[in-house]
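Quick one: dock chain against chain with the hints and give me the complex.
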Amino acid sequence: MTTTALDDRELPPEAAREHTEPVDDPFDRDVLPAPKDASRRLLGSLIRPYRARMAVAAVVLLAQQAAVQAGPLLVAYAIDSAVPALREDDNGPLIAVAVAYFLCAVGGGGFQALFIRLTARLNQGILLELRGRIYRHAQALSLDFHDRYTSGRLISRATSDVQSLRELLNEGLQQLLMIMVSIVYIGGLLFYLDVGLGVAAVVSFVPLWFLVRSYRRRSAERFSRRSTAIAAVIVKFTETVGGIRPVQAFRRERANDEAFERLNRTHERVNGDTILEMGRFIVLSRCVAAITVAAIVLWGAQRVASGELALGALAAGALYIRRLYDPLDQFAMVLNNYQSAVASLDKISGLLAQRPDVPEPERPVRLPERAAGTPGREVVFDDVRFAYRTGGEVLPAFRMTLAAGETTALVGATGAGKSTLVKLLARFYDPSEGRVLLDGTDLRDLTTAELRRGVVMVTQEAFLFSGTVAENIAIGKPDATRAEIEEAARAIGAHDFIAALPDGYDTDVRKRGGRISAGQRQLVAFARVLLADPAVVILDEATSSLDIPGEKAVQEAMETVLRGRTAVLIAHRLSTVEIADRVLVMEAGRVVEDGHPADLVAGTGRFSDLHRAWRESLV
Amino acid sequence: MQVRTLDLMCASAEPSVPPARKRSVVRALLRLWPYVRPVRARVFGAAGVAVVAASLGLAMPLILKWIVDGPVSEGDTGGIWLGGIVLLCVGVAEALLFGLRRFLVARPLTRVEADMRSALYRHIQRLPVTFHDRWATGQLLSRATGDLQLLRMFLAFGLTFLIVNTATILVGVVILLAQDWTLGLVLIGPVVPLIVLCALFEQRFSVVARRAQDQMGDLTTVVEESILGIRIIKGFGRHRSQAEAFRALSGQLRETEMHKAKLLAGIWFVIQAIPEIFVGLALVLGVIQVSDGNLTAGTLVAFMSTAMALRWPVESMGFLLALCNEAATGADRFFDVMDTPLPGEYDGAPSVTGAADGMRFENVVFRFADAPPDSTPALDGIDLHIRPGETMALVGGTGSGKTTLVGLVPRLHEVTSGRVTLDGVDIATLTRDEVRRQVAVAFEEPTLFSASVHENVAMGTEDARPDDLDRALRVAQADGFVHALPHGAATEVGEQGLSLSGGQRQRLALARAVVGNPRFLVLDDPLSALDVHTEARVEAALREVLATTTALVVAHRPSTVQLADRVALLSGGRITAVGTHADLLRDSAEYRHLMTGEPVPHEERPEVSVR
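Heads up: the protein sequence lines correspond to chains A and B, in order. Our numbering numbers the first residue of the first sequence as 2 and each following residue consecutively. Our numbering numbers the first residue of the second sequence as 68 and each following residue consecutively.
Source of the hints: derived by calculation from the structure; they are not laboratory data. Every value quoted in this text rests on a predicted model; they were computed, and no experiment measured them. Among the hints, erroneous ones may be present.
Straight-line alpha carbon distances no greater than 25 Å define the calculated DMTMM-like cross-link-like pairs of lysine to aspartate or glutamate that follow [as the list claims (entries may be wrong)]:
(1) B:K329 with A:D81
(2) B:K329 with A:E168
(3) A:K478 with B:D654
(4) A:K553 with B:D654
(5) A:K424 with B:D285
(6) A:K424 with A:E361
(7) A:K553 with B:D285
(8) A:K553 with B:E291
(9) B:K132 with A:D81
So that you can see chain B by itself, here it is in the shape it has in the complex (with noise of 0.2 Å):
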């Protein structure tokens, strides 16, 4: 009974799936059906011909019974050689199908393994950001590894078995049954307590079995800390808190594995000794019932064979079921992503495109999906008009909704209520994919894919031309140290590449949002990570691409909000005050606060919004 492995080590913060009802095992496995569909007839005939093999070799003492019993003990030359040949040819036949059976399935399984993940992988890039923020990453790569492997390995293996064994079984005790139906019945009589032990059994294993993978969750975080944490632990010289946890969980660890190895062993003990002892009354009934005359010799010899031969078979159905039951759950986790429903797509005529007009927030709401639907939105009745070429800068307070808002542009998060509007489009009426071919966005936390430079950058755009990527780097200030680099543009970054500095991943974040030539732009403090003489350098010639895009951008500095034409302040998920640098500056003591640090008079101190 193998316990899964992968989601062992990302079994972090998983989130709480609302209790199910009953969970069916066979309703779970079933699910599986479309996609072993087209690959069925050599699931099946593997299945066929794992009986056949599995027929030769019970077949295989019967023969060296009879050569023994017959040529051997008559010194027949011939018919020694014949039996010979025979059992060789049989041996290589079980031998070839048991191959054969391997042969079938591996590929095509494998397929349903990739295609799986594939749909998966598509599935998740298409989920809205709001499930990404519920979900750890984690959980999510430990359903498209683990449990898919385990999937294909009880599609190859354990639904092969199950139906192989569950033959043998039925076709034994119906020989059972047949050779004497009074000692088959006593070899039948445990059964129904075998099922129930195990019921109990599976029961309070699987939630020890749980309690171990969530400890092995806890552990691994220590142990992710005390290396992500390791300045301050060293800078410190302690962190007695953390080696305690670790040797704490550790211990609780092994604890809790040494409770499941009780009850495994206990469970063993069930399924080796009872059906045993039933063989072994049956065996003494069945040697008084010889002794009275009342079954030969040969039958009760012959009846204790396949009552020995049943014993693989009905032990392997123990470990059989529980592959069964983790296959079960790993669909059931696989379907958990894949059931949460992509968001549509709007499929009526799109609302009249207007002229120019610039990007609208008409008394927008917000409120996360996960939030309490009667707690205060993240954004409350957003009003708020860019113009055509405007540049907007929107400045907050550590948790006043910033990042949000500029989300909501590029349709990462979806209103509430209330609409956005590009250019009078609503863009709830557009696909998302034409939003975003219209807005381009550098986030603050700037994300570089393992490909070169030029890649990176020219995903920003269907078409770039050298011209638009050149151009691109230079508004950046990117070209200086894109050239000094190993291969220049062509040069690998990312997990997989060279590693960049803060600041230049953010130049080429920023490269990478301009060079399309956007209608809209959206940029959450893009210069943040710069240091002063670069950033001067970006501003000046940001102001050139500025001056004819509409955009919206997140500031902290007085420096990027130099950039805007006009600031809007963003204060507990309203906008409280919108107007030039120097207007807010003379009016609002909250603005002059968050641009100048001078302390806010205390009547006028702004909710603290904590997230």
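Isolated chain A (complex conformation) (with noise of 0.2 Å):
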């Protein structure tokens, strides 16, 4: 029998303790420390590249509003000259009004459609850039951010948070062009008509300025409640689909009920609020207008009196400065949408923050060529000393050569040090001090690409990209040929239980009958190490257990990946601690044995101990 686990997977009792004491790890929030105005500078730099279009956009829709607000003048010039002409048989102004009025017409509606499609390209251009931006940064983080980050942040990183970003694009930024291109007009014609209206009009701004900011302050507390209030909801709602099974076999349908009614009227409340304090803006905001208009008319009326302001110009002006307070409830909305945009910049700026750990060589350097037959490559650990940045040293000063084709099994307790050495070897980090050197080469001197030629590693869970099998298999080599594939496929043992899916090789590993089991994903995460072919693989062996036969298929597999290569496993099996070379027992970051494995367990060191106990443990 040999399904036997090495270590105990419990949180060793350290680790526990850990999370008594209230550390403000920054990583239990959602936001990520970012420089004081990341979020803006974001936008700056994503809006930057679309300067231009964005002057030209706001010109067409200067154009557009010119068009538009056309129709009143080109009806009073008609009644005051084209009527008149008209009855002296002259059709000229008449004509001209008809013309002008169809180019009007067709110039409003033509810049609109202009508008709409130059906003839609700068819009896609900027989603398209940080979507990529987000994109590319996740992907060259360093595993343990991934670790600590969760993927369900990141993907509502890339998601949601682009989502609202887009809706301010879409819709805030066209309106808020139209608000300012319409208060500029306005503005301009009240000027215009009379310098004192124009002053007044830019006087009266100063209540509502105040009153937007004390509106935007409000808002933000009420909106960051609704976010929290809705994500409460969406937590327990997921939670419940997630976990139906047991959620009906124990009957917790009515404590759920309960449950969600108090998380969901607790929403219903703080939604009601926003929505209302939104309301409060716009009342007071409406009511300032009000007063305004009526003030700069009983004002105006005075001056007219006086004779200090024609009586058309008044008429004109109070007509006008009415329309002046209109976008106020727009401005709201944008407002609203500037607000939740912003939230998410936070959050994606957080994370663009974060710098990868193991950055591209600048002169980088190949590895020598492998003469013909010799197995793998030899791998040295020089003086490497290794600590998170979050403190602990985990390495102290490490000194090891693993010779060309051996396969070395790293034994120990959790947080014993196996996974970070590793991960050393993988180059998902660099060490703190000293060098891991390939055949010779430093691996900071290595391209990614030139790396992975060498160094590979396969971790626990075989996950499976969408996709058909062969495509899962290929990531191994991306330009493996379908007999390349299969041969893989066949060595592992893998071919038969591929050739029985519906398709054979090109069954969607997604669609109904396309389901692999834990076992024979294993066998696929195989052959991807047999088709890269690297000179060193790293093997984190899975722990879950599978059912026996699973368990041999696997067994015989990974002698077949090992075979003719320097490998270093991770084993959690005494069967696979014994096709190893080499055993390197750790404990707290050091090697404290080191040998055959034959030879240890003749010993009296803890290897010969732990494997007793294993021993003891199958009967």
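Below, the structure is given as structure tokens:
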């Protein structure tokens, strides 16, 4: 019997204690620290390349507004000039009005259409760039980061947070431009009519500015409460749907109804609060507008009486000044969009502020050619020391040579430093001091592509990407031919089950019928390695148990993969340790025993004790 | 014309709904009535307030005109003050009425939204597991959030202004016709072609919008996978096809969005330009009539101002109708789920409660609801008797139907034919609640909820005393690590709390199953994630519990099989052998293969069943 797990998967007591101290870990919160103003700068950097196009869009919008606003003027001209001219049998002015009106109609629509297309191109460009940045950045960040940030958060950065910027761009930007254009137009007209009227209009924006500021502050608070409330609703909902089997099996429905009801009603309340908050802003701003209009009319009337202002100017000005405040409601909406977009951009810029740990080399070096038939490459840990940036030294000065073609098993409790060691070898991290050498070349001097020709790491989880089985194997060698893929699968012992799938190698792993068991996934992962054909392979053995036939198949496949390579195994099973040429027993970052498995078993060290305990547990 | 947001992010596989009969926007929206009914007074009151507020808005220019033409021209100081006060009052009244409209509907409509969400949640919780297997979580979530928010917006805003603007347009048209019916007819002229063009647009736009949604879903999938599979991508240094798929899909999405914008630009051109051209035409005709003396200049001015005042209501109809359309889609999506019938409960008299008889499967056939009716059933004629107090291990290869079979006992799945009895009572004649009170389950994939360890374990029973809890934790060998947690059994775990290892979660799930001393226990490979030492200790403790419990245990390893008195071998949806571990090892080649890895002689190899 060989299904023995070597280490206890529980948290070591230290790790459990860690949680008792309320350490302020930024990863506990959703927003990673970013330099102040980072989100505004991010937005700026996204928009900057489009400054010219944005200016063009604004000009188009100005033209569109000009065409739209010309209507009343043309009517006035038609009645004042075209009618008398027509009576004189001069149809010139009428034809002019007709042509002008037609042009304005077509121009208004045409410029509007042009504006939509211009802003769409602009918005899509910005979104494309942002999505790309998040995607590339997420790919570049270290595994340590991925472990702590959780995939769910990362996915929502790339989806819902981008979405809220999209809303701001699609609706907010356009409205903001419209509002600005309309204010500039009307303000300009007022100044043209009378400088006093213009100044009065500008002054009336002072209380409005205070109002907007207070609304911004208050609504920001309401919004954050609302988003917390809806998040709680979403979590409860997802948790219930995701765990529907235990929910039903343990009759949780009624208790859940109550719990959900509480969260749902909290959201109802704060949602109502945000809506009423906006209502309050609209009422107050409209009141300010009403007071201003009344005051200006009264003041204007006095000036007309004293002869300072022409009657017509007051009549026109009074009509226009009201329209000055019409876009206030829209402005509140833009503000809301902007606020939710800023919240999202804060999160995104926190993510983008994280620096990748392993930079590409400035002057890349190529690995020396392998002589034909030599198995693997030599690995040297040259006085390597490693500490995570969050503190705590993990590997104190470490010196070790792994001979080419040798299979080394790493044994030790969780936290002993096994995974840190292999992550340094795979260059998921760089050592704090010292070097890791592959056939004498520092890993830091290799490009990613060159490094992965040398070192490949296979982790426990055998994740399958959507696509066919063949595509999943070909990840090891993207330009592999079908024959090579099948050969690799055959060598691993995966060909039979793949051929039995509905479409064989072309079966989509996400479709019905494409279900692949845990053991089979492991085989696919091994076939990938065989196809990649690296000189050094690192295997982190899966701990979850398979059924016995699956276990055997995986064991055989593993031996195929190790043949002719330098291999490092994080072993969880006795049977795996036994196929190794060398065992390193690790404890607190140090190698405490080192030797051939048989020698260690025969000795009196820790490995020998461990080995005895396993043997006994098998009885 | 905004696009619904949430389901863009979760546009993963939506179960294909059969092409519905011609969908009617009105019919879909009318179905919301039961939810709106309790607040109907507020909703229509708000619409009424909005009409008044809109009228006040229209009155403002008239008042201004009156002040300028009257008191100001005449230098009547008292009149000016009066006018100013009237202006102020009307302005403030308009502002307050707009506020009142919001105030009237804000709370009631958030309540409607919350009511609908609660109703959806209740319904979803009670839908059978087969429904959940077909529907992605994202699809359900987008209905509970995005669609319901959209419906609230429609009720709060869309519906009101649809009423207000329709009224304004109708009144406006009547006024236009009354002022001069020929000119009025000219203005009404483009209505029919506009409607036709809008309908054409709607058709083409919905196709492209749907395509954009799908592409967004695909893009999201690529992003998700590159994050979930990051270890593989990093391990191999590249996954060219992922990066290429991302680039290609982003590009495609951008093209589709541009196509959308092109269509949108087209329809805006039509909506803006065509009515304006006809207004221009009316102006020209009007000028000719005025010059001929058939019309007064004043009437023409009034006519033109009315026509221009209608400009905004007409243009807004475009997006209001689009909002209607989206709301109707949202309502359809909501009712897609709500219309899925809940499984009925048996309402006849329960069959006679027999004496202790254990658990029986009698000629049980099970076929997945979405499987073709002529396909081989997943379970085909299962006959199995687990005697009272007996523990039966269920062994079978990958895809043999083990999990499906154990799911029948707590009625997570319903038998297609045949019956399952507990102590002689057909479980189909008991309420699901009753069945589940008698049967406790531990699943292979242990789910912990966001709650304390204590609550997670105690949900196995109604009245867990502290002793029961301690005993259950001891049986699952979970007492040790639970005490080491920061707050012991009060520590929050699950999504929102401390994350535990697979083995720890599995042990808590086991504790949950045994805490209530259930009469029947169903365990689906409950020890798969435990290391050998812990497994041995759990097995020793579990043995005591199993001694007095009727249990069905799915097993992968000989050590788990050792817990059982007898073993049933499930192969290709049938029970092919029942006996002790030793019997089966001796007699069944397939069992030997599963337990020892010894190859099966070729002619005996079971059919590979791939689901």
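Hint by hint, here is what the structure shows:
For the hint pairing K329 of chain B with D81 of chain A, the CA-to-CA distance comes to about 40 Å; that exceeds 25 Å, so the pair is violated. Only pairs whose Cα atoms come within 25 Å are accepted, and K329 of chain B paired with E168 of chain A is accepted, the gap being roughly 18 Å. Between K478 of chain A and D654 of chain B the CA atoms are separated by roughly 46 Å; this puts the pair beyond 25 Å, and the hint is violated. As the CA atoms of K553 of chain A and D654 of chain B are separated by approximately 22 Å, the hinted pair is consistent with the 25 Å bound.
Distance check on the hinted pair: K424 of chain A and D285 of chain B sit about 32 Å apart at the alpha-carbon level, beyond 25 Å; violated. Of the supplied pair hints, the one linking K424 of chain A and E361 of chain A holds, its CA atoms being roughly 17 Å apart against a limit of 25 Å. The hinted pair formed by K553 of chain A and D285 of chain B fails the criterion: a straight-line CA distance of about 37 Å is larger than 25 Å. Distance hint between K553 of chain A and E291 of chain B is unfulfilled; the C-alpha atoms sit about 32 Å from each other, more than 25 Å.
Distance hint between K132 of chain B and D81 of chain A is fulfilled; the C-alpha atoms sit about 19 Å from each other, no more than 25 Å.
When the structure is compared with the earlier hints, violations turn up for hints 1, 3, 5, 7, 8 and for no others.
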